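J.: Line by line, the protein sequences are chains S and D. So the first sequence is numbered by the numbering used here: it starts at 697 and just counts up by one. So the second sequence is numbered by the numbering used here: it starts at 5 and just counts up by one.
Note that these hints are calculated values from the structure, not bench results.
In silico SDA-like cross-links for lysine to any residue, where the CA-CA straight-line distance does not exceed 25 Å: (1) Lys794(S) <-> Gln49(D); (2) Lys794(S) <-> Pro73(D); (3) Lys794(S) <-> Arg72(D); (4) Lys794(S) <-> Ser69(D); (5) Lys794(S) <-> Ser71(D); (6) Lys794(S) <-> Lys32(D); (7) Lys794(S) <-> Gly101(D); (8) Lys794(S) <-> Thr56(D); (9) Lys741(S) <-> Val63(D); (10) Lys799(S) <-> Leu51(D); (11) Lys699(S) <-> His771(S); (12) Lys32(D) <-> Glu738(S); (13) Lys794(S) <-> Gly31(D); (14) Lys763(S) <-> Gln727(S); (15) Lys741(S) <-> Leu114(D).
Since the model is a prediction, treat every value here as computed from it, not as a measurement.
Read off the chains here:
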Amino acid sequence: QQKVQQSPESLSVPEGGMASLNCTSSDRNFQYFWWYRQHSGEGPKALMSIFSDGDKKEGRFTAHLNKASLHVSLHIRDSQPSDSALYFCAASDGGNYKPTFGKGTSLVVHP
Amino acid sequence: AQTIHQWPVAEIKAVGSPLSLGCTIKGKSSPNLYWYWQATGGTLQQLFYSITVGQVESVVQLNLSASRPKDDQFILSTEKLLLSHSGFYLCAWRGQGRDTQYFGPGTRLLVL
Chain S
697 QQKVQQSPES LSVPEGGMAS LNCTSSDRNF QYFWWYRQHS GEGPKALMSI FSDGDKKEGR
757 FTAHLNKASL HVSLHIRDSQ PSDSALYFCA ASDGGNYKPT FGKGTSLVVH P
Chain D
5 AQTIHQWPVA EIKAVGSPLS LGCTIKGKSS PNLYWYWQAT GGTLQQLFYS ITVGQVESVV
65 QLNLSASRPK DDQFILSTEK LLLSHSGFYL CAWRGQGRDT QYFGPGTRLL VL
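Using the sequences and the hints given, assemble the complete structure.
T.: Here is the structure:
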């Protein structure tokens with residue numbers, strides 16, 4: 697079973713709208729989460745990490761972590777066409793911290 | 005600041021031919037290093053990781069091998085390429101503890 701599940705698989709939002717991506721871990725040991733963004737033809741780039749319950753905001757991006765349910769979400773407000781990309785969630789435990797990646801969510805922001 | 009460089013940028017190779025891809029990390033001592041494979045628009049499949057020079061762990065068998073000859077260098081290779089080896093190869097590094105993992109720009113491989 698995939699230890700890190702992402703939903704939806706794909707998402708289309710209008711320019712200026714809010715995009716919401718979800719990630720859940722099935723492993724109770726996975727307490728540390730990261731979000732990555734990958735534009736076509738490039739390597740993934742780290743957007744943000746979140747390790748504590750609650751919200752973490754960086755510019756237009758807000759991550760929310762609920763450790764009890766092992767669920768983390770990423771919200772992108774005022775979405776831009778340049779936000780169109782593949783978004784990966786990664787999680788790790790407090791042992792070796794080696795990250796496990798989800799299958800990704802493809803986001804398209806249309807004008 | 006740390007930098008990660010991958011070479012070559014792209015390769016077109018024949019089935020059965022050998023392959024060597026490289027990755028160098030500058031500005032970071034004793035990084036944890038990773039190789040990933042990605043089909044177009046697909047998931048990140050972890051192939052190998054290394055926590056120190058000379059030590060490489062295999063995560064999945066794809067008729068590939070990896071070596072870490074220096075602290076800042078990670079090599080991915082095979083003696084005989086298969087069609088299924090086509091894809092995007094990504095090298096990544098991470099520090100210790102809860103450090104974020106950082107990816108290189110990738111190498112695009114097409115096997116014909």
